[in-house]
Amino acid sequence: MYKYDTYDQAMVDARVAEFRDQVRRRLDGSLTEEQFRPLRLMNGLYLQLHAYMLRVAVPYGTLSSAQMRMLGDIADKYDRGYGHFTTRQNIQYNWIKLEDAGDLLADLASVEMHAIQTSGNCIRNISSDQYAGAAAEELVDPRPYAELLRQWSSFHPEFMYLPRKFKIAVIASETDRAAMKLHDIGIKLVKNDAGEIGAQFYVGGGMGRTPMIAPMIREFVPLDQLITYAEACLRVYNRYGRRDNKYKARIKILVHEIGADEYARQAEEEFAHLLGQGVEPPIAELERIKTYFQDPPFEAGAPDTLDRSDPDFALWVDRNCVTHKQPGYISATISLKPVGGIPGDASADQIRLMADLARDYSFDECRVTHAQNIVLPHVRKADLYVLWQKLDAAGLGAANLDRIGDIIACPGLDYCSLANARSIPIAQKISERFAAQEKQDAIGEMKLKISGCINACGHHHAGHIGILGVDKKGVENYQLLLGGSEGEDTSLGKITGPGFDEEGIVDAVEKAADVYLANKQGEERFLDTYRRIGIDPFKEAIYD
Amino acid sequence: MKILTGNDLKTGAVVWWDGTGWSKYVNSAADVGDEGDIIIAREEGARRVFAAYAIDAERSADGVRPAHIKDRIRAHGPTVRDDLTLNPGDPDTSNWVI
Amino acid sequence: MTEPQLRFRDDEVVSDPAVTVDSFGDQSNATAVRIEPGDDARALLPHLDRLRLIEVNFPAYTDGRGYSAARILREAGYTGELRAVGDVLIDQLSNMKRCGFDSFAPDHPLNEADAKAALDCWPDVYQATTDGRTPIWTKRHG
Numbered sequence: 001m002y003k004y005d006t007y008d009q010a011m012v013d014a015r016v017a018e019f020r021d022q023v024r025r026r027l028d029g030s031l032t033e034e035q036f037r038p039l040r041l042m043n044g045l046y047l048q049l050h051a052y053m054l055r056v057a058v059p060y061g062t063l064s065s066a067q068m069r070m071l072g073d074i075a076d077k078y079d080r081g082y083g084h085f086t087t088r089q090n091i092q093y094n095w096i097k098l099e100d101a102g103d104l105l106a107d108l109a110s111v112e113m114h115a116i117q118t119s120g121n122c123i124r125n126i127s128s129d130q131y132a133g134a135a136a137e138e139l140v141d142p143r144p145y146a147e148l149l150r151q152w153s154s155f156h157p158e159f160m161y162l163p164r165k166f167k168i169a170v171i172a173s174e175t176d177r178a179a180m181k182l183h184d185i186g187i188k189l190v191k192n193d194a195g196e197i198g199a200q201f202y203v204g205g206g207m208g209r210t211p212m213i214a215p216m217i218r219e220f221v222p223l224d225q226l227i228t229y230a231e232a233c234l235r236v237y238n239r240y241g242r243r244d245n246k247y248k249a250r251i252k253i254l255v256h257e258i259g260a261d262e263y264a265r266q267a268e269e270e271f272a273h274l275l276g277q278g279v280e281p282p283i284a285e286l287e288r289i290k291t292y293f294q295d296p297p298f299e300a301g302a303p304d305t306l307d308r309s310d311p312d313f314a315l316w317v318d319r320n321c322v323t324h325k326q327p328g329y330i331s332a333t334i335s336l337k338p339v340g341g342i343p344g345d346a347s348a349d350q351i352r353l354m355a356d357l358a359r360d361y362s363f364d365e366c367r368v369t370h371a372q373n374i375v376l377p378h379v380r381k382a383d384l385y386v387l388w389q390k391l392d393a394a395g396l397g398a399a400n401l402d403r404i405g406d407i408i409a410c411p412g413l414d415y416c417s418l419a420n421a422r423s424i425p426i427a428q429k430i431s432e433r434f435a436a437q438e439k440q441d442a443i444g445e446m447k448l449k450i451s452g453c454i455n456a457c458g459h460h461h462a463g464h465i466g467i468l469g470v471d472k473k474g475v476e477n478y479q480l481l482l483g484g485s486e487g488e489d490t491s492l493g494k495i496t497g498p499g500f501d502e503e504g505i506v507d508a509v510e511k512a513a514d515v516y517l518a519n520k521q522g523e524e525r526f527l528d529t530y531r532r533i534g535i536d537p538f539k540e541a542i543y544d
Numbered sequence: 545m546k547i548l549t550g551n552d553l554k555t556g557a558v559v560w561w562d563g564t565g566w567s568k569y570v571n572s573a574a575d576v577g578d579e580g581d582i583i584i585a586r587e588e589g590a591r592r593v594f595a596a597y598a599i600d601a602e603r604s605a606d607g608v609r610p611a612h613i614k615d616r617i618r619a620h621g622p623t624v625r626d627d628l629t630l631n632p633g634d635p636d637t638s639n640w641v642i
Numbered sequence: 643m644t645e646p647q648l649r650f651r652d653d654e655v656v657s658d659p660a661v662t663v664d665s666f667g668d669q670s671n672a673t674a675v676r677i678e679p680g681d682d683a684r685a686l687l688p689h690l691d692r693l694r695l696i697e698v699n700f701p702a703y704t705d706g707r708g709y710s711a712a713r714i715l716r717e718a719g720y721t722g723e724l725r726a727v728g729d730v731l732i733d734q735l736s737n738m739k740r741c742g743f744d745s746f747a748p749d750h751p752l753n754e755a756d757a758k759a760a761l762d763c764w765p766d767v768y769q770a771t772t773d774g775r776t777p778i779w780t781k782r783h784g
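Chains as they are written, first to last, in the working numbering: chain F, 1 to 544; chain E, 545 to 642; chain C, 643 to 784.
Since the hints were derived computationally from the structure, they do not count as laboratory data.
Some hints here could point you the wrong way.
[Said to hold, decoys possible] Some residues of chain F that are not near chain E, with every Cβ distance over 10 Å (derived):
hint: 1; residue: Ile197
hint: 2; residue: Gln225
hint: 3; residue: Gln294
hint: 4; residue: Ala348
hint: 5; residue: Glu438
hint: 6; residue: Glu510
hint: 7; residue: Arg532
[Said to hold, decoys possible] Here chain E is said to cover these stretches of chain F; the calculated rule only asks that three of the stretch's residues, wherever they fall, bring their Cβ under 8 Å from a Cβ of chain E:
hint: 8; region: 97-110
hint: 9; region: 153-164
hint: 10; region: 169-182
hint: 11; region: 301-315
hint: 12; region: 404-417
[What the hints assert, rightly or not] Straight-line distance between alpha carbons at most 30 Å, and here's what the computed DSS-like set of lysine-lysine pairs gives:
hint: 13; chain 1: E; residue 1: Lys568; chain 2: F; residue 2: Lys472
hint: 14; chain 1: F; residue 1: Lys191; chain 2: F; residue 2: Lys290
hint: 15; chain 1: E; residue 1: Lys554; chain 2: F; residue 2: Lys246
hint: 16; chain 1: E; residue 1: Lys614; chain 2: F; residue 2: Lys165
hint: 17; chain 1: E; residue 1: Lys546; chain 2: F; residue 2: Lys77
hint: 18; chain 1: F; residue 1: Lys97; chain 2: E; residue 2: Lys554
All residues carry an ideal CB built from backbone N, CA and C; glycine is no exception.
Just need the whole structure built from these sequences, with the hints factored in.
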């Protein structure tokens, strides 16, 4: 994985010093809260319901074991012994003190990490495919391109005060595991007819209160113009994105209002201009970055078989592991969704254990997924049983990847100052309702996603089943959505009708699952059946 | 009654105006009547708290209960972590929130 | 015109009154203009040779359009004074300078020591702009 050189390290260190100074000026009164707020946000420091919250960047979701261990240590040293892995592949801590933030950032910097631009109206952490570099079907490893974009977007002088936040995802497989088309810019690496690799740009997607699927605005950007094209896209947005209404300020609204063709035309015009301005890094820089993402030293001829005699282990393998490009290896997902648990939360001890397992069994590397789980990307099949035993003993052995228990949930009103309703208790109740293995197996692939407000951090628009918490005259109320997907077949869920209380929404989910089971044909997933029969049979059952 | 809440500037902790200073306990909250804006301006100006605001609450024999669930969760802590509330280990206090 | 507090030019301070972009076209003798956030900086490009001062107004420091305006002017070859005016604060100075501003006239005077520290904060830069700094990318590859 990528390693900082002295330049990268100096920039992150300078940022720590800058933030310490900003905190000093806030505490001595030189900065008002209004002036300080965007500065702390650009270092990931929010004010949440109970305290300051710090969001740490995990660039494209990749962590070394030393970094992962530091995340566990930080949870103990500065927080209350746990962290929360987020839907943008980051981690956040809920109980940080402003006066500790500088020291915390310095600890992060000691392992080449930071909280830069994890909030604020700027370019956020770049997300990617959690199986990058391991997936059997990927064209190239997308992470070098994401790293190049990370460097370009870090401290970009022109784009720190955009109309609104800006999220970029990069993928390089036909299977989309990063919700690419639901980002402000989604980049898919593709091969053209001449056999060259280039970047396909999708611009103007997003969830939030006005969900939109990004249209493709350029089929192929040559790699030696990648940064220039991205800069053109951002400049058009910075100049013409709406600033009169916070809720209409995302780039999706601009692209929607002027049309994808007109946006593309303006981006092309700016691109043509910027090509003469020398903003593109030398192509040698991309080559340099790529050298950090070469395959780890896989063992040639590693045994490609598994002893499946332990049924619990066999189940976990079937649910949580996926094919690796290298024979004898597998990618294993550690589910952070135990029955009745808090989706995405992990204790300091669990985080350190996962760090040790990454070191011992996965070439020192792990990944955070947008579904709030952890992946060990490169595990020898011969080691898998021992690995699983250690996970199981630590309460990390849930075998439910992409099942109804594998719920994405935002922190909701238990932690978030923007939320209208709690998300976590709903996730807990649903996972308990469907705890029985036969039930989960019968329902099969199911992406259930819960947000506690319309900002959609829990991706409810993109859930096969989505749940949106709203405030109904001071009482929590939950709307049900069906038919969303954030995969390569991206679609937006539809609201079934009036909302439910806490118990009612769990019942409604069960009724929806029953409609699927009664109508399922052949190997259809819930989503397939829904798409075939439409929303009406579900409505009838749910509102009967 | 009208009570004031905000966050301690240095630690971020949720605090409640008790008439002379800021307390961690909502039961210490004082009725500020229509003095809220004046107190907030003074206290934020002195950088003791930030993000302060006035809310409706009720006082009963059991203590002070904010009118909105969001402020009750602020007063109590996350309802999904009984160990992290102001009364750790007492599951009944979560019921107070709802 | 607004008196700059910080200036990174050796020539004489331009004290001509800055006109609006709209009226600039009709005033063929004007040498100073003020850009508001909604103005198109490119409207000035045909007239750069007669401009000595361009003020870019930041009514609120959170409105970042002025950064693009500044870069567009510098990219087009403007070499006159480019002055950030309005809600100009310490922690934005460094980025403004990177985008081509070379003078700053904040509504409220800045603490000089803190401003200097903020401007000297970054040992290097990743991106290429017209400010003359060599990006890290270039340094890495000689």
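Taking the earlier hints as the rules, which of them does this structure contradict? When the structure is compared with the hints, numbers 9, 10, 11, 17 turn out to be violated.
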